[in-house]
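Asker: So the sequences go chain by chain: A, B, C, D and E. Counting along the first sequence from 1, when you hit position 287 you're at 287 in my numbering, and nothing is skipped either side. Counting along the second sequence from 1, when you hit position 10 you're at 10 in my numbering, and nothing is skipped either side. Counting along the third sequence from 1, when you hit position 74 you're at 74 in my numbering, and nothing is skipped either side. Counting along the fourth sequence from 1, when you hit position 30 you're at 30 in my numbering, and nothing is skipped either side. Counting along the fifth sequence from 1, when you hit position 152 you're at 152 in my numbering, and nothing is skipped either side.
Calculated directly from the structure, the hints in this document are not laboratory data. Ideal placement from N, C-alpha and C gives every residue a C-beta, glycine not left out. One thing to keep in mind: the hints can contain errors.
With a Cα cut of at most 30 angstroms, we get these calculated DSSO-like pairs of lysine-lysine [stated by the list, open to error]:
#1 D:Lys221 / C:Lys107
#2 D:Lys107 / D:Lys82
#3 A:Lys221 / B:Lys221
#4 B:Lys82 / A:Lys221
#5 D:Lys82 / C:Lys82
#6 C:Lys221 / D:Lys107
#7 E:Lys82 / D:Lys221
#8 E:Lys221 / D:Lys221
#9 E:Lys82 / A:Lys82
#10 A:Lys82 / B:Lys82
#11 B:Lys107 / B:Lys82
#12 B:Lys221 / B:Lys82
#13 E:Lys82 / E:Lys221
#14 B:Lys221 / C:Lys107
#15 E:Lys107 / E:Lys82
#16 E:Lys82 / D:Lys82
#17 E:Lys221 / A:Lys82
#18 E:Lys221 / A:Lys221
#19 A:Lys107 / A:Lys82
#20 C:Lys82 / C:Lys221
#21 D:Lys221 / D:Lys82
#22 C:Lys82 / B:Lys221
#23 C:Lys82 / B:Lys82
#24 C:Lys82 / C:Lys107
#25 A:Lys82 / A:Lys221
Partial list, computed: chain B residues near chain A (C-beta under 7 angstroms) [said to hold, decoys possible]:
#26 Leu267
#27 Phe285
#28 Arg308
#29 Gly310
#30 Arg331
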Amino acid sequence: MFVGERKLETASLHLIDFDHDSLNEVVGATLGQCLHHLPSPTVTWVNVSGVHDVALIEALGQGFGLHPMTCEDIANTSQRPKWDEFPNYGFVAMKMLEVDETAQQVKIEHVSLILGDTWVLSFLEDEGDVFESVRARIRSASGRVRGHGADFLAFCLMDAVVDHYFLAVERIGDRIEMFDDHVLNDPGQVEIQEIHRFKRGLLALRRAVWPMREVVAAIAKSESDLIRTDSRVFWRDLYDHTVQVIDMVETSRDTLASLHDTYLSSLSNRMNEVMKTLTIISTIFIPLTFIAGVYGMNFQYMPELTWRMGYFVVLAVMLVIALLLVVWFRRRGWL
Amino acid sequence: MFVGERKLETASLHLIDFDHDSLNEVVGATLGQCLHHLPSPTVTWVNVSGVHDVALIEALGQGFGLHPMTCEDIANTSQRPKWDEFPNYGFVAMKMLEVDETAQQVKIEHVSLILGDTWVLSFLEDEGDVFESVRARIRSASGRVRGHGADFLAFCLMDAVVDHYFLAVERIGDRIEMFDDHVLNDPGQVEIQEIHRFKRGLLALRRAVWPMREVVAAIAKSESDLIRTDSRVFWRDLYDHTVQVIDMVETSRDTLASLHDTYLSSLSNRMNEVMKTLTIISTIFIPLTFIAGVYGMNFQYMPELTWRMGYFVVLAVMLVIALLLVVWFRRRGWL
Amino acid sequence: MFVGERKLETASLHLIDFDHDSLNEVVGATLGQCLHHLPSPTVTWVNVSGVHDVALIEALGQGFGLHPMTCEDIANTSQRPKWDEFPNYGFVAMKMLEVDETAQQVKIEHVSLILGDTWVLSFLEDEGDVFESVRARIRSASGRVRGHGADFLAFCLMDAVVDHYFLAVERIGDRIEMFDDHVLNDPGQVEIQEIHRFKRGLLALRRAVWPMREVVAAIAKSESDLIRTDSRVFWRDLYDHTVQVIDMVETSRDTLASLHDTYLSSLSNRMNEVMKTLTIISTIFIPLTFIAGVYGMNFQYMPELTWRMGYFVVLAVMLVIALLLVVWFRRRGWL
Amino acid sequence: MFVGERKLETASLHLIDFDHDSLNEVVGATLGQCLHHLPSPTVTWVNVSGVHDVALIEALGQGFGLHPMTCEDIANTSQRPKWDEFPNYGFVAMKMLEVDETAQQVKIEHVSLILGDTWVLSFLEDEGDVFESVRARIRSASGRVRGHGADFLAFCLMDAVVDHYFLAVERIGDRIEMFDDHVLNDPGQVEIQEIHRFKRGLLALRRAVWPMREVVAAIAKSESDLIRTDSRVFWRDLYDHTVQVIDMVETSRDTLASLHDTYLSSLSNRMNEVMKTLTIISTIFIPLTFIAGVYGMNFQYMPELTWRMGYFVVLAVMLVIALLLVVWFRRRGWL
Amino acid sequence: MFVGERKLETASLHLIDFDHDSLNEVVGATLGQCLHHLPSPTVTWVNVSGVHDVALIEALGQGFGLHPMTCEDIANTSQRPKWDEFPNYGFVAMKMLEVDETAQQVKIEHVSLILGDTWVLSFLEDEGDVFESVRARIRSASGRVRGHGADFLAFCLMDAVVDHYFLAVERIGDRIEMFDDHVLNDPGQVEIQEIHRFKRGLLALRRAVWPMREVVAAIAKSESDLIRTDSRVFWRDLYDHTVQVIDMVETSRDTLASLHDTYLSSLSNRMNEVMKTLTIISTIFIPLTFIAGVYGMNFQYMPELTWRMGYFVVLAVMLVIALLLVVWFRRRGWL
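Okay, chain A solo, but in the shape it has when bound (with noise of 0.2 angstroms):
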């Protein structure tokens, strides 16, 4: 269900410089060229898809003065989401989640993401299209990423990170939606092993999620002078976002739970009925099914057998068992 060997063997950096009027992005752009834009006052974003190109990480981190635990860090892609502080810049560690069509599999991939006062690096496992949505609001000019600092690029990267997670939860929920439906109206039809892969990918969530929250309220509460005070509304926000998601997986997880119960008990109450049927069918056919047996014998010397009305007399015997029978069985309440 979880994939998580995907590695690109050489990295690629993606260069985006600007300030409020000007925007310089180069595709492939090499370490140097980052560096370069590092001294200017321009907000500086370098994109690093593919997270195991060990040289490059440790170059950039040379470049970029970064503590040789965080680069550690950048590479491990099963590091928990963490906010790290230095005295030059914060530590993002985050976990991408994205849900196929079918909710049946979903993929997570480690992010990092480093802010200093006037740059900031991010790194993928992958070439993804998750920030793409960034680079268009700083292409186009509007929006306000382009009037702001390094810290709200930073927020708008880790906001585009939990719009995922949202539309991850959705689409579960959907599913389970449409899963209700099944369960309620048409039980027979259900796969069970369904809820197991749903729980699967909720826990998944979860494990994303929960830690972010932490992450967000830190980076919300630090002091540090990377965070600017004005922005620090947009990172409320942001927690109350991450909140949400929590708030939709555990509800999604109590519906399933629930669900699960329902579809167990629908099961018990089939099996119930198919039992009940058996029964009575057994119960009225077996003892009439006897007494055929019974004259059914080879004895010689059997004297009902020679009574002029005895075959009458037998089936309106067994005729008045089987009636005693089905009102007995009303009476329990079995018809």
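Starting from the structure of chain A, add chains B, C, D and E where the hints point.
Answerer: Relative to the frame of chain A, chains B, C, D and E by itself:
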């Protein structure tokens, strides 16, 4: 089960301006009329029905000096309940809940409230009558609301919303009570899907009430000038009410869980009953039918068949077997 | 299960005024008599039976200087337990619980207490005898209550309520203990609905006791002048008692849950037993009956039928089959 | 399962007075003897067996200067574990637990401890040997206890009680381990009621140990002069022990829960096995028996009966049907 | 499942003394050799294999100035993980965990660590290779460990232990993943006891890791001089790792719980399938067999038997009944 798609394309404004002595009410007011009353010391309440009219909300936002993010939160109907303090106003997001007669359907509506020093804005998704009771109290010139300020009006509006929670939880509670009787007295007629629907209703209530508690607590403890000291006692009372709703929701959930267990147990019990009946009948008659079958075989040489008393001996043997089995079942407590 | 509708339309006042040396008791007192004793340094206790007499409560409220919201809380019988401090008095809302002999019915009553400097007001929904033990202690002139102030009287009244919780939880506990024996020794005779009733009773207790704990803790820590320093030790003791009730309720709940699991398991076990019996009998006799059926066919040419030993060979074959099946069942551990 | 009714009507005192060099032990001491040793700087330990002798406890209370509520707490055998500090002494209430060999029976005893500056009072419900190990260490003149003060003696007594918890939890743990083997290897022989008894035993342990942890933590952090600074390390160690007992109890509970689930699953599994056997046999033979029945009918005109090969054709048809059904069962994975 | 009995009667010491430039390693060192290196500013690491050699541990304790309770904690292999600060050293108790290939067996080992200013003592129950990787890094003269002090060495040793947790949880996780496939695709072949074993393994991990988190957090926050400021970043990193292990354990537990539910559901489902097959076959053939039985009776006067078409009419009636039953099953969705 949830309905979230109704939209009023064009919003309508309902203006009420009052103090202890005067009352001014305009249905379908213009923005200009609303802003005209703003500077006066009287309490100005503008109720907006329809939050999807983005243009109007932005115009209102500019007129009343609202932050752009507040305007976004008003229009975002999936916003969680929250309390945000701004320098010149406070923002409350809430959820209105309505449960239909049979407790099968829950309607959720996003309600926003903005509390200024002498004015209150309220936003509904739809033309609803939730605030009609407050309007009636204002018009009647009696009651506390005319003599108090804008914060007391805001309290009344929130109180009206919380009163709807009571209604909702009581309606679900009553249905659960009815359901309870059913399960205990006539489990065969129970529709287990009901439990799932109740659970979803209670889940929706929880999602609305738990954050509402935080909101009310935050307002009660707020040090903002908007909340007058002498009206704090009312907020504390409202807090008590939300806690009570939570209490009722949790109790209903626990009752429901216990009911579900009871239902499953009685289902198992009935299954046991059914299987025991089948087993007793089968176990008694299957061996007897076998014996009858044996003497129904057509072998030319079967000595018993020619015995004078053969038939009666076999019948007696069958009777003895049947009686022994009945005794055995008695001993095992099955009869 | 819960009874909440009894109302006394006309309330009656019971006045007791005492100090260490004197005692004044008036059954069916007038409001005037009550207020007459108020200014004296003696402890004045007015017990009001019947909280639905709104006029009387308002009159009392004015006489004793109560806030309008306190009067509302007294009359609101669904008010949660709470402790509210006002400048001149403290307000306690509690729940009285009575469980009938068979632990099937729980009666919940709203009890309010108002503690002034030298006076105590208590409000019952009904004419009950919960405070009779306190009255007896006052009348007997012995015991601590005569020598202490109003706060100790309030403690005694609350202690009497908590003592009723002990009674309730013990009564339910005893029934669960009996039930326990039943489940372990004779699960066939168990009525599973009992468990549901016990659970509801414990749920009612929890709803009453958990907030009661908060109330008592708040009073014990209160810095109000109403609570004398030397009586704090009694409130702490009362706190211990409420914690102990909670402990007992939770233990009963856990025991009940374990009992329910055990019951279900033994049900499954019995079902297994039943099914095994059916399967063994059926599996042995169905093939034999088939063989008998084969030789009961009326084909003109069936060579076996004419064999001299045919009948006995078939009987022997049947015996062998039956024995083989018995051996097979033994091997599988079914016999 | 719990035994709480044993009472010693007449209590007996056991006095030990010691310091590093001297030792004075009186079995069946009088109150006077005990008080005689009180003022001396040696450690005076009085153990009281039998807490139902109210007169004696009151006399002791007066002699040692105990608060009346302490005396009540000593006699109240349902008192929860707690630590109360008074100006001149500290009061500890504890629960002693004994589990019998088969872990079926749990004996709970109320133990109280009073720690003065140079004296310790201990109260047992019964004449027990829980403190015998401590006495032995005092008598042997070796070990730390002779050289330390009263607080170290109190620590030793509490340690002896906690050691009994270890014994109890280990005994239950061992039985669960045995039970585990049973469930995994021979679920048919398992008595499910055992699980219920283990759960009740662990519940009793929890009720005793959880508050005990609070008690020990409170003493370790207490700023009272009664607890010497250099003995705090022992209290911290005792705290570690209680946490470890809790840990073991919780692990046992989790193991038990998992075992119960496994048991139920294997029960379901076996039921499936049983039902499959029944279904396979029935489904193969019921149609065959029907065919045999058809040709056992006595109609005068049944053409097949006169065919020369009729019998063999029918046998062949039966064989084919049986084989087809076997193939079908194989395909479905039932065989 | 757990192995706790291995003991090395005679312990062996492994001494490594190093600084940035020099390295001194003695396998099977004497206590004297160890103490000889103690005063030097180089880092002295003594690893003791075998904690049951009480005499040696006491001798070490005296040589290195350990508190008697520390010596007890080293030898007590059931000691919970903890961090104790003493004036001249810090004591860490940990659990080593090893899971075998099939994740069926968990080996738990008690590991103690003592951190002095320039020396580290480590204690293993057994001759293990858990610290071999650290030794290799020291010997290779590369890596950070040679250049740092004793606290960094202690960090490396604890890190090696936590790395084993990752291994353990990953091994169990992989087996659960395999198990998952089994349950979803071929539930008939699943051994439910596996789930119980995984749960016990995860329980053992939890018991080791949860308190380990506290330990690492306490060290990271410790104000002791033993922990240098510049090595705190490593402890924080270790803390992240323990949290991650906990995360993985909890996720595995949730997955396991969901798997168990899915397994039970699919078991119920299959049972339903089996019962439906039995019921359909029985319900169709039992009435037909009865009819055949009736016409197999030997009454002398049974008019139908003499009818020319009697046989064929009966066959036709049987066919009609069978078809009607098939239609009825179709309607109920059983076919």
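Asker: Check the hint pairing lysine 221 of chain C with lysine 107 of chain D against an upper bound of 30 angstroms on the C-alpha distance.
Answerer: Not satisfied, since the Cα-Cα distance of roughly 36 angstroms exceeds 30 angstroms.
Asker: Is lysine 82 of chain E within 30 angstroms of lysine 82 of chain A, Cα to Cα?
Answerer: Holds. Lysine 82 of chain E to lysine 82 of chain A sits at ~25 angstroms (cutoff 30 angstroms).
Asker: Need the status of pair lysine 82 of chain C, lysine 221 of chain C: alpha-carbon distance at most 30 angstroms?
Answerer: 14 angstroms, holds
Asker: Keeping to a limit of 30 angstroms between CA atoms, is the pair of lysine 221 of chain E and lysine 221 of chain A held or broken?
Answerer: 20 angstroms, holds
Asker: Given the hinted pair lysine 221 of chain E and lysine 82 of chain A, is their alpha-carbon gap at most 30 angstroms?
Answerer: 18 angstroms, holds
Asker: Taking 30 angstroms as the top limit, are the C-alpha atoms of lysine 82 of chain D and lysine 82 of chain C close enough?
Answerer: 26 angstroms, holds
Asker: What's the verdict on lysine 107 of chain D and lysine 82 of chain D, does the C-alpha distance respect the 30 angstroms limit or exceed it?
Answerer: It holds: about 20 angstroms lies between the C-alpha atoms, which stays within 30 angstroms.
Asker: Given the proposed pairing of lysine 107 of chain B with lysine 82 of chain B, does the C-alpha separation stay at or below 30 angstroms?
Answerer: 20 angstroms, holds
Asker: Does lysine 221 of chain E pair with lysine 221 of chain D here, judged by a C-alpha cut-off of 30 angstroms?
Answerer: 20 angstroms, holds
Asker: Holds or violated: are the alpha carbons of lysine 82 of chain B and lysine 221 of chain A at most 30 angstroms from each other?
Answerer: 18 angstroms, holds
Asker: Lysine 221 of chain A and lysine 221 of chain B: Cα distance at most 30 angstroms?
Answerer: Since the Cα atoms of lysine 221 of chain A and lysine 221 of chain B sit roughly 20 angstroms apart, the hinted pair holds (cutoff 30 angstroms).
Asker: Against the 30 angstroms threshold, does the CA-CA distance of lysine 221 of chain B and lysine 82 of chain B hold or violate the hint?
Answerer: The given pair, whose Cα atoms are some 14 angstroms apart, holds under the 30 angstroms limit.
Figure legend: structure checked against the earlier numbered hints; hints not met, in rising order: 1, 6, 14 and 30.
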